[in-house]
Amino acid sequence: MKQMKSMRFGLLLASALATTPAFAQGDATPITIGVPVGLSGANSVVAPAVVQATELAVDQINAAGGILGRPVKIAVADDASGAAGAQTAYNTLVFQDDVDVVITMETSAARNAGIPIVEEGEKPFIYSSFYEGRSCSPNMFVNGWVPEQQVPPVVEKLLADGAKNFFLIGSDYAFGRGMLEFSRKYIEEKGGKIVGEEYLPMDGSDWTAILSNLRSAGADAVITSTAGGTPNVTLTKQLRASGISIPYANLAVDEGTAKAMGADAAGILISASYLTAIDTPENKDFMAALQKKFGAEMRTPNDLSTPQYEAVYLYKAAVEKAGSTKTEDVLAALPQVSFKGPRGEVSMSKQHHAPLTMYLGEVQADGSVKVVADFPNVDPGEQCPDL
Amino acid sequence: MADRVHSSPKRGRLLTRHGTGLALLGLLTLALVLLGPLFLDRFTQNVLTRSMIYAMMAITVDLLWGYTGILTFGQSAFFGAGAYATALILTHVGGGAQNFALALVLSVILPMALAALVGWLSFYHKSTPLYASVISLVVPIVLSQAIFAGGSFTGSSSGLVGYPVMKLGAANYFRLAGVALILFAGLAWIIVRSDAGRVLIAIRDNPLRAAYLGIRTQRVQIILMTVLGGVAGLCGFLYANAGRIVAPEIAGFGFGTQMIVWTALGGRASIFGPALGAIGIDYLGAQLSGSMPYVWQLIIGVLFVVMILFMPRGLAGLLPRRQRTAAAPTLATLPDRPQESSKDALLSVTGLRKAYGNFVVLDGIELEVRPGELISVVGPNGAGKTTFLRCLSDGTETIQGTITLAGQNIAGRPPEDVVALGIGRKFQVASVFESMTVAECLRLARATHERPTLWNRASGIHLPSAALDILALTGLDKKLAEPVSGLSHGMRQSLELAMVVAMLPRLILLDEPTAGLTKAERTLIGEVLKRLTQELGYAAILIEHDLDFVKEISQRIVVLHQGRLVMDGPVEEVVNSELVRSIYSGMAHD
Amino acid sequence: MALLLDIATTAALLFIVSAGLFVIFGVLKIINFAHAAWLTIGAYTTVVATKMGLSPWLSLPLAVLVGGLLGAVTEIAIVRPLYRRSLDAILATWGLGVVIVQVITLTFGRDMQMPPALITGTVDVLGLPYSSYRLFLLVAAVIMALAFVLVLERTRLGLNAQAVIMNETLARALGINTSRVRLVTFMLGSAIAALAGVLLTPLSSVDPTMGISWLIGAFMLVMVSGTSVTALALACLCFGAAQVLVSTWISPILGSVTVAVLCAVMLRLHPKGFARG
Amino acid sequence: MTDDRLVIEALTSGYGETDILQGATLTLRRGEILALMGRNGMGKTTLLKTVMGLIPTRGGRVSLDGVPINGKPPAWLLAQGVGYAPQELPLFQDLSIRDNLRLALRGDRDLATALKIVERNFPFLLERLDQLAGTLSGGEQKMLILSRALMTEPDILLIDEISEGIQPSVVQRIETALKAEREQRGVSILVVEQNLGFALGVADRWAVMKLGQIVDEGACDAASRETVLKHLSI
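Residue numbers (full-length UniProt numbering), protein chains in the order written: chain U, 1 to 387; chain V, 1 to 590; chain F, 1 to 277; chain X, 1 to 234.
Heads up, a few of these hints could be off.
Only some residues are given here: those of chain U computed to face chain V with a beta carbon under 10 Å [unchecked claim]: (1) G82; (2) T92; (3) G121.
Partner residues aside, some chain F positions facing chain V, computed with beta carbon under 10 Å [said to hold, decoys possible]: (4) P81; (5) Y83; (6) L106; (7) S179; (8) L183; (9) V184; (10) I250; (11) S251; (12) I253; (13) S256; (14) P271.
By construction, these hints were calculated from the structure, which means they are not laboratory data.
These figures come from a predicted structure and were not determined experimentally.
Built from N, CA and C at the ideal position, the CB exists for glycine as well.
Build out the structure end to end from the sequences listed, making use of the hints.
As structure tokens, this is what we get:
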């Protein structure tokens, strides 16, 4: 099967060797990071930014002497944003490319398809996407946020602004439902009232009936959690076109989409662990480095690509702490290491999940996002009590 | 009526020489599959395990679409139903041998129930293939929507993962999938070559003729869909265990269309083509699509369109089509059993009126036919003769008045049920099965009497002596192994007549059986008809323009003119009547 | 009141989206699975036009032009050989749709595009603020339906098309160039679908797969309508109303499959659908 | 220049595997009315359809004023001044009389001029232009079919069983109309008929077809009725 491997057109991005300093003389075989990601399908909009973030981190690490003196390289495979594609991608990375670690941002279905393969192949896996929570595997660590971290900032803000009656709208999928279920519990805990909760299928694009119900429900705030991309845009466009002007928090919009929607997005509240406007030296350096490396091709970093960048560094820290790339050692070290990156200090110390600093942002008329408040060290809650 | 054959005819040996070759090939593949894990790496094993499960799905699509003509986008729904049944049981009830057994059973039964429902929706008298296709689109869409809406129960978009699976290990899953594929492909291969397989092709090629041979086409279609739904569910069970995840996309319409692509590219109606298509595309896709997914999909899309346009037989079409060299089956004579010549009317028509909107085609028709009678229906074009035969043989035609056959009112009965009452219909344009041989057509005509076997082909065909006479007189008995497509017009007409006679109907309806025939052929058909009616007691209604011919063979002539039955009487009387002369010379008017 | 407006505008939207498919199915008796791709092409025409600095309104005629031209190429290259193989025509047009989506993706990328809207804001309808664009769609659908009727009844092309639908042999015997009628019909259907794509842009995002979600509903509506514009309008109204009512009172998730399921059941129980005769 | 306008030589054609026409030979001369007779299923309608280009020719040739026209589409023949009144499903039942007429107009011809021609023979149609063709009585439909063929002022007219199933008075009107067209414009007319009385009354010559071939022909005179009847009868 060696032949097969050489025939494969897999994207094996060797690191920029030109800038590589002399690696330690000992073991110079590269450490390979597998990145199964949605180059096609729903995630293909965000995937390029994720790949760029990975490349940047690997470049920087190689320039600084690699990990344990070994160079680092990336193997990217398309998971087609779904389970079947992910099976192929993970099989390729784990069994054919024999990567040392899988670090990626994916859909939940793709992640779930990958977990059994990662476990079977005994590889460490860092999931760098925010998600609906409670996915547990001894091999998997998560450095994105979960509902327990994202929802409180927006709900607190809306309540503080005087909202009492909340209307929840989501896409009918795990993330949409997971986020809104938590929102409902949280709002009711805090004394707010849910006057409506409606879902549309993920590929639905006609929100008319839901918007009419929203109008007649007497809500004074709306929280949405749709699938990224199309449903989010159609909902926002149709919400605005119908003249509804109550406070609007969107749990699924990213900065890029907000910017593209222009005036329709103005006033939307968002909650994230990363916003480009974060005013720290680490973020400024990160942005500058991206700009330098990719120039006009640079994809604006976001709440999915930045954790990916940090995840590579978290892996580096774990390997260095463990002194080896052996899976069991790395998995033991991962919860103990931390990295100070664009989002601040991150450590996956809580049941394989990470306490995070959350930022509340508001979309401005020009599409940019202003940081309204930050909430340091928000706890992910009980995600995987068995781990 | 039911001429059950007592001495079962000699069954053809399943493994002919070419069959032996294939069996050897199958054993070789089996060995490869069993030994595969010894020399294949883990990646290849894992990818091929899935590809082989997909290959089974492609074969189910091939059986439905390639062989039976049902273009379905919905096989994924049954696959998904099976996979989800498995995952749901294992997730919510837990592992353990008992639960695996339960999951296995449910993963077959639930999809079968769903498939039966879909079959009922898709196939009914006068349903169109287009309609069935569109329904097959709706099913996976509704099912995946239901999975999305299932919340944490079904795992919604994330699917279900982390449930206990059968701990076989990758190598054994590879072997299991391989063995299942070989068994299923072999089974499918045997079935499509069996007599029952001919029934499927008959439905694809000419559903009307099949129905008028008494084959319950819709029932066959529904059963086929149900059984293959079960197979798809079983594939889903394997998938859920081997892949350790189920996600909504496996029940979706996208996956359903993918199966069509495998089948079309591999070569429809060839069993092995679609299986290899599925494995090839899935495996190649795993190799190539990782880095250039859009280009890969673009290539597949272009290839697909080109194939549909220029190579409908797919890659299998590149192989030379082996001429079927099956030995001609032997013909055996059924004992003649003259119909009891009862005085009671076999067919009686009272007050028949048929109109399309305001346009009245038939009105006030009264007719009785007794066993042994041969009645000729004459009349100018547009008199409603063909419509009359249609009304007699299809009870679902909306008519006024009643038609009773052998004491039963045929109202509401589709053709296959009317056939069961003892009608045989020969169409105006010879209606036979183009892609079959003469012998295969004849055997299909006996399908309602001798249940076609699923496993092999009968080497003999039992035919009534009248049918044998037709074959002998036309020389068709020397061409039993030849394809119908090469027959002359007259031969086809004779073959269809032989098929109708082989059904042993009590009443034969013939629509211009002699049109376009040579003088000799006409005489021949006339002789056969005379013998059938006068000696054997069959009844027949014949539409005929050739009055000389009519005069020769009929006892009774019925004249239709402008939708009305204007005369009914003995040959001489009618032929010499002024009325007929004037109708035929254009003088008769209302 | 809001409910009535919702029903009317939903029906209008369904009508606009199905119209192109209807034209092709009505005359040519084939289901054009590339329909979703035509919608997408129309929407991307807006993207290109507005990027070139043109008014989004100009993209309406532009989309008609682009859709018509691509329709002509498709009819000649792909559909024409398959008129006698209607199931293969489904497959070939579906394959074409896949190809178009991939080409769009390779050209424009997977990213959503957001061209400026044709009309924004709301108007008061009896004291109720309602989306002006949805009301505009209602007007557009009515204009479209009237144009259909006018073209069918008043123009030579429409008369020829009707002749081909009703009795193709006679149409040929009367010297009507039936293959030209087919070509023009396919062009027209594609052009209308592209136009519908433009009209969708203010309601939805523009991305390569945007058309798919409209496809099944359109298929089913056309299947139950056969060849009659009135039947199509009626079907859109009935099933649109069902969709809105189910979505409002029961669940939008059920609402989303309402059209498809109701149409399927209706066709099973009453195979002629809304078409007369 | 001969008087032979439409020459059919050894023409073969048919459907599917069947040859319905099996080498038919027939000539239509300038300004004559020729009645083609024969029993059902003998190939008369197929002959007209083949000449009109509705069915592909399998053998033999057809020429118009010496020019071969095999394989020409109907539109081309109509443009050359060949008119055709078919028998099977001859009208668009759900369209108005006006639309049925309009559909036969090609190119620059306008309806008003054409309607003047219709008025010459069957003025009643003009009063009922908006009526659906399907609601006309059988005889009226036949007159509409004929009007549609005459409206374009063809030089050659092929008519398929126009007298079928209609009452004598209408048959009479049709006969008058055909004769008038021939007198005024010198049209050559081929009528396919089963109605012996009408056929022999209107035609100058007759021909009889059997099993796809012309078996006998002759001029219409006192004796022809018996001759033809012998061919047709039982």
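Report task. Against the structure, test the hints numbered earlier, and report the numbers of the ones violated in rising order. Result -> 5, 7, 8, 9, 10
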